[in-house]
Amino acid sequence: MNEQPDMKGLNQLEAGVNLYKYVCILGMLNFGSPEERKVAKRELQELDADTLPHLNKAAFSAAAEQLGLTRDEMVSLHGE
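3 is the number of the first residue of the sequence shown in the numbering used here; add one for each residue after it.
Bear in mind the hints are in silico, worked out from the structure with no lab data behind them.
A few of these clues could be false.
[Stated by the list, open to error] Dumping the calculated SDA-like pairs for lysine to any residue here, alpha-carbon to alpha-carbon at most 25 Å: (1) 43 - 75; (2) 10 - 40; (3) 43 - 68; (4) 40 - 29; (5) 23 - 53; (6) 59 - 11; (7) 10 - 63.
[As the list claims (entries may be wrong)] With beta-carbon atoms standing in for the labels, derived distance ranges: (8) 4 - 40: 34 to 44 Å; (9) 4 - 43: 31 to 41 Å; (10) 8 - 36: 29 to 39 Å; (11) 7 - 37: 33 to 43 Å; (12) 4 - 48: 29 to 39 Å; (13) 79 - 13: 37 to 47 Å.
As the structure is a computational prediction, the values presented were derived from the model and not from experiment.
For glycine and all other residues, C-beta sits at the position ideal for the given N, C-alpha and C.
Whole structure, please, built from the sequences with the hints as guidance.
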């Protein structure tokens, strides 16, 4: 039986706000100045701590597939 992507413990508003924050942070990491990248890395760690416990592995797999991220890119973002 295949696990379906799922999120528990966040409502739609919280999930949407976190998604918007991820977009902004990843933009800073890709296009920001060195100082902005440092800030973005700190912000990413805080956002991950608030978001990742609510997602299952299938959600990560589905997101990586839809975004076209390789395993190495996922590891570089989240260390796993």
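Hint by hint, here is what the structure shows:
| no. | hint | verdict |
| --- | --- | --- |
| 1 | 43 - 75 | holds, 15 Å |
| 2 | 10 - 40 | violated, 30 Å |
| 3 | 43 - 68 | holds, 23 Å |
| 4 | 40 - 29 | holds, 13 Å |
| 5 | 23 - 53 | holds, 11 Å |
| 6 | 59 - 11 | holds, 15 Å |
| 7 | 10 - 63 | holds, 16 Å |
| 8 | 4 - 40: 34 to 44 Å | holds, 39 Å |
| 9 | 4 - 43: 31 to 41 Å | holds, 34 Å |
| 10 | 8 - 36: 29 to 39 Å | holds, 37 Å |
| 11 | 7 - 37: 33 to 43 Å | holds, 35 Å |
| 12 | 4 - 48: 29 to 39 Å | holds, 32 Å |
| 13 | 79 - 13: 37 to 47 Å | violated, 25 Å |
In summary, the structure is inconsistent with hints 2 and 13 from the numbered list given earlier, while agreeing with the others.
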